[in-house]
Structure formats: structure tokens, C-alpha cells
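In order, the protein sequence lines correspond to chains A and B. For what it's worth, the numbering used here labels the leading residue of the first sequence as 83, then goes sequentially. For what it's worth, the numbering used here labels the leading residue of the second sequence as 570, then goes sequentially.
Each hint can be trusted.
A few chain A residues that face chain B, going by a derived Cβ cut-off under 10 Å, partial list only:
#1 Leu125
#2 Ile215
#3 Leu280
#4 Thr322
Calculated directly from the structure, the hints in this document are not laboratory data. Ideal Cβ positions, reconstructed from N, Cα and C, are used throughout, including at glycine.
In case you want the letters, here they are:
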Amino acid sequence: MSIVQASMPPQSATAELPSVWQRLRTNKNLVALWFMLPAAAFLILFLAYPLGLGIWMSFTDERIGRAGIFIGLENYEWLWSDTIFWLSVFNTLLYTLIASAIKFAIGLYLALLLNRHMPFKAMIRAIVLIPFIVPTVLSAIAFWWIYDAQFSIISWSLIKLGLIDHNINFLGDTNWARGSVIFANIWRGVPFVAITLLAGLQTVSPSLYEAATLDGATDWQRFRHITYPLLTPIIAVVMTFSVLFTFTDFQLVWALTRGGPVNATHLMATLSYQRGIISGRLGEGAAIATAMIPFLLAAIAISWFGMQRRKWQQGSDND
Amino acid sequence: MTDSATMESKKLVTGVQALAQSDDTEGMSYLESLPRRLITLYLPLFIILIVLLFPFYWMALTSIKPDEQLIDMNTYNPFWVVHPTFKHIEKLLFETEYPRWLWNTMYVATCATILSIIASVLAAYAIVRLRFKGADTVGVLIFFAYLVPPSILFIPLASVIQAYGLFDSPLSLILVYPTLLIPFSTWLLMGYFKTIPYELEECALIDGASRWQILVKIVLPLAVPGLISAFIFSFTLCWNEFIYALTFLQSTPNKTVPVAIVNEFVDGDIYKWGSLMAGALVGSLPLVILYAFFVEHYVSAMTGAVKE
Numbered sequence: 083m084s085i086v087q088a089s090m091p092p093q094s095a096t097a098e099l100p101s102v103w104q105r106l107r108t109n110k111n112l113v114a115l116w117f118m119l120p121a122a123a124f125l126i127l128f129l130a131y132p133l134g135l136g137i138w139m140s141f142t143d144e145r146i147g148r149a150g151i152f153i154g155l156e157n158y159e160w161l162w163s164d165t166i167f168w169l170s171v172f173n174t175l176l177y178t179l180i181a182s183a184i185k186f187a188i189g190l191y192l193a194l195l196l197n198r199h200m201p202f203k204a205m206i207r208a209i210v211l212i213p214f215i216v217p218t219v220l221s222a223i224a225f226w227w228i229y230d231a232q233f234s235i236i237s238w239s240l241i242k243l244g245l246i247d248h249n250i251n252f253l254g255d256t257n258w259a260r261g262s263v264i265f266a267n268i269w270r271g272v273p274f275v276a277i278t279l280l281a282g283l284q285t286v287s288p289s290l291y292e293a294a295t296l297d298g299a300t301d302w303q304r305f306r307h308i309t310y311p312l313l314t315p316i317i318a319v320v321m322t323f324s325v326l327f328t329f330t331d332f333q334l335v336w337a338l339t340r341g342g343p344v345n346a347t348h349l350m351a352t353l354s355y356q357r358g359i360i361s362g363r364l365g366e367g368a369a370i371a372t373a374m375i376p377f378l379l380a381a382i383a384i385s386w387f388g389m390q391r392r393k394w395q396q397g398s399d400n401d
Numbered sequence: 570m571t572d573s574a575t576m577e578s579k580k581l582v583t584g585v586q587a588l589a590q591s592d593d594t595e596g597m598s599y600l601e602s603l604p605r606r607l608i609t610l611y612l613p614l615f616i617i618l619i620v621l622l623f624p625f626y627w628m629a630l631t632s633i634k635p636d637e638q639l640i641d642m643n644t645y646n647p648f649w650v651v652h653p654t655f656k657h658i659e660k661l662l663f664e665t666e667y668p669r670w671l672w673n674t675m676y677v678a679t680c681a682t683i684l685s686i687i688a689s690v691l692a693a694y695a696i697v698r699l700r701f702k703g704a705d706t707v708g709v710l711i712f713f714a715y716l717v718p719p720s721i722l723f724i725p726l727a728s729v730i731q732a733y734g735l736f737d738s739p740l741s742l743i744l745v746y747p748t749l750l751i752p753f754s755t756w757l758l759m760g761y762f763k764t765i766p767y768e769l770e771e772c773a774l775i776d777g778a779s780r781w782q783i784l785v786k787i788v789l790p791l792a793v794p795g796l797i798s799a800f801i802f803s804f805t806l807c808w809n810e811f812i813y814a815l816t817f818l819q820s821t822p823n824k825t826v827p828v829a830i831v832n833e834f835v836d837g838d839i840y841k842w843g844s845l846m847a848g849a850l851v852g853s854l855p856l857v858i859l860y861a862f863f864v865e866h867y868v869s870a871m872t873g874a875v876k877e
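So here's chain A without its partners, still in its complex pose (with noise of 0.2 Å):
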């Protein structure tokens, strides 16, 4: 910096004694808390606030048009014995599990298949994104259509080959409702991973894959000793957004069955919106969103670690 000072010749007849505009200028701290500031207002005006407040109004009964008094723990006292709350909960729980582990398997399955080398491959890879570039909610209403509990073109073609002998109700019924969204969220989430996963693949030098056939490795033995282990940084980050964007998921479930039949289907978010804003009790809809975060920090804790641990088995400092 003093370099810098030095080469200007308007600065340096006034260079015994910095102005105030000159020091605000050119002190690194100062201009840098100016370059942050924007960011930093948005940040903390909409995001770290309303988590703080979100947890605030937990404690409180606050209802829609009128201020809430702090109750305590009654909030959660009170989901704690709602047997709605819990089956919010498993199926949350059940959801994340399932539709993650599907996303993962046949994502890293078509990031697999899309790293071999066959024509079209630029096209190809460039279709499988489009559902997830396709809004979730305007996805989520041709599900809709296509799970209709009258005309559903799948229960249609199932009749046809002979399989079923009526119309399946697929959202009124409470196992066909779960596995309906279910497979909404796989098929809008495994291009999302299949396309990150096979980022992470064409980074693996395929001189490792050409040695170890020399030495005789199978198929299998090439993915797992080789495949798998340069891939687990990048699988571990696909899947903690995977598992946390589906925890916190709202949209597909509001679009399709708005939490029925009978709550089969309702997430923490969807039920938190229920109770929050249609219902008008903020402070008990503030809760059970506020109920969320230990299970997204736990997501965010094991995947921070195993990288750890990762880097840590591997001996390097860089990221």
C-alpha cells in the first residue's frame, strides 16, 4: 500500500497529513465494511432477524392482527401431546429418508450412465436438468393431473395392460398420497444430484480406470476403490442440500395435497403454514417451524464432520 501512496503525485503534496476521506478510502477494514454493507443489510434485516424472532415468537401467542405475550413453553407443551404435531414429524421424517436415498442411488446411477461416452451426450445431459429448471409448484400441477383420482393416465395404462381392475386413488388415499409426493420430489431432485455427481466424475482421471483394468479390476471394484472414494467429498455436499431442501420442503406438498388425506401427507413446513397462516396462530405455526432447526443442524453436523474426518484421514489443509 505505501506503494501505492508513493506513485501518486495529486496524494503526495498533502501526504503529511491524511484527510479523513483519505483515510476512509483507503483503509483496507473501512472500504471493505463499505463493499459489505448491501449484502450485509439484506442479510440481516430478512434473514437473521426473522430467524431471531421466528424463535422469539415461539414463546409467544401471537395471532394474526394482534401482538402475543410470552406464554413460555406452553407452544410446545402443547405440540408435544398433539398427536398431528408427531405425525408431522415421522412423515417429514419419512419422506427425507426415502425420497434421499432414492435421489442419491439413481442420481449417482444416471451421473454413471451420463459419464460414458455415446452420441448426443452434450444434448442429453442438457434435458435431464429440465425438471429442475421447471418451477416446483408448475411441475408439481401436471403431477397433479397425471395422479387425478378419475382420469390419471397412469391408473388409464395400468387398466389397459390388464394390471389393476380400477382406478387407483392416488392423493385420496393415505400410503398412494405418501409415495405419489414421494415420487414427485424424486423425480424433480435426482437431476439435481446426477448432474453435480457427474461434475464431481469428470474430475476422476480416467488413466486410474485404464490402470486398474490392466491390473484386472472388475466393474465393481473400479467404482468402489476408485469411483466411490475420489467422489465422497462432492457426494456429501449433493446430499446434505438434497436432505435439507426435502426437510424443509413445502411446495410440492401444498400443491398437490395441501397435507390430506387426513395429514397423511402434511411436513413440519406444510403443518407450520396450516397452523401459522390459514389457522392465524403465528405463535404456535413459529414453533413448529422453530422445531425444525435441531434436525437440520444435526443434517448440517454429520455431513461437517464426515468431511472433517475426510480431510482429516487424508492429510490436506486446502479446501
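For this one, chain A is given, so just place chain B on it according to the hints.
The following block gives chain B in isolation, referenced to the frame of chain A:
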């Protein structure tokens, strides 16, 4: 696996070829016979592609199907359309407020994206290049901000928006969406800024450029691909956002496409499907067209944010 000697020599040859050329060679795929490739590669890929694309086909087909074919699946083959009609799309564009919703969505997405990109460029530059005290901590905090999901924030945000008097106004979304976009864009741009050589900036500093001039005249032109990635990905996220728009917007003309589709068309009418699907199709098209032009940027945005 017949003659191992020729196999070995073949491998050697291809190994040399692979060294000479880039990674886009056939690799070891010549080792597989065509029938084997059919079963292990083309067939599964074909099935997955069909499943991934079927909902869009169904959406498009339904939106041009006459009503009587929609509900009569026995006289007509439901997988095809006999006399396509634009009635549903016409109804959508001229009898509903759909153009208004489309405009709202685009307006909110554009404004929020521009705001976020400006804030992210400044923040990313400060974190990567100014190296101020605590820059690393701020970087980690921004990463964590990325992990905070909207579904735990919408209730308190609703009361914040209410307190600021922004309820039922597009401005509420323009101000709130950057919280989803800034963490992601900052993280992405940090990666891009890191690749720009220090020497360029040092030269400019020696020539007397201010930090602002360096950012505008040197760093930004070099980071254009990153800016495009951040821009289109942010735009897509805005278009896709649902829960905030659902919570903050009440009156019909102010809604965005995803919210309006879910709330305004559901009238129990058995013939709603045509216009509903037309609405979903028309709402998706702008993004798909944008995507078609910028596929590479999308992919680098998605993978860039995950890789760091």
C-alpha cells in the same frame, strides 16, 4: 476377451491416444459390444429420460386437447390429440389475469436478481480480495445463510413485512428474495474472483486505480461468465419461489404465476385441466428458453456452488 496380446497392444495404443488428445476420447468404451451397451447404457438412459420428460409432454398435450377428449379416454387414445385446440391458451391469456401474473413474476424476479447481484459482487470482492479482518468468518457465515430454508422464516418474515407496511406488495418479495440469492451468488462469485490473477490488480493499484475502479474495470469484465451464471440461476430461483409469495401476497392481481396457478384455478370445475396445464406450460416456457441459451452457465452455477 479373446486374444489378450492384441487387447494389450490396443490398450497401449489408446492409452497413448488418450494422452495425446483431451479427455473427450472414447476411453475404454470400445471394449464393450453394442448389445451390451444397449442393455447397460441406452435402455436405462432411455427409461429415465422418458420418466423425466413425460410430465412435460403430458402438460403440453393437455393444454391443446379439446375438453371432450380430456374426459373421454376410451374413444380417443389419451396419449395423442386428434383436433388440437388453442382454446385453453386463449382463455388463459384473455379471460384471466394471467398476463398480469406473468408480468409480476418477471418484475419481481428481475428486480430481486439485480439487487442481489450488485450486493453479491461487492461482498464477494471484499471477502476474496480485500482480505479484511474476519473475512473468512464472514465467508462461512454467508455459507450458513445459504442453508437457512424459507420454510422456517416465512412466519416471522410475514410479521416483519406487515410491520414495514409492505404486505401484499411486490416490493416485499423484491426485498426478501435477495436473502435466498445473495448467499448463493456471493459464494459462486467468490470462486470466480479467486481465479483472477492478483498481478492484474496490483498493476492497476500501482497505476493509481481505486478499489472501485479495479472492481468495475478489471475484475467484473473478467468475471462475466460468473455473473451470467449467478444472474440466470438467481432468476430461476426467484421464478420458482413459492412460500414467501404465497404468504405475502393476498390480492389476485398482485400474485406471481406459481401462487396464482395453485390458488386461482382451483374451482372444482372438471374442465379446469386444460387451462391449468396451459398456465403451467406458459409459466415454464420462459425459463426453459432461457435455459436453452445458457445451459453451460446453469451447470457451472449449480456445480460451482456445490464444489466450494
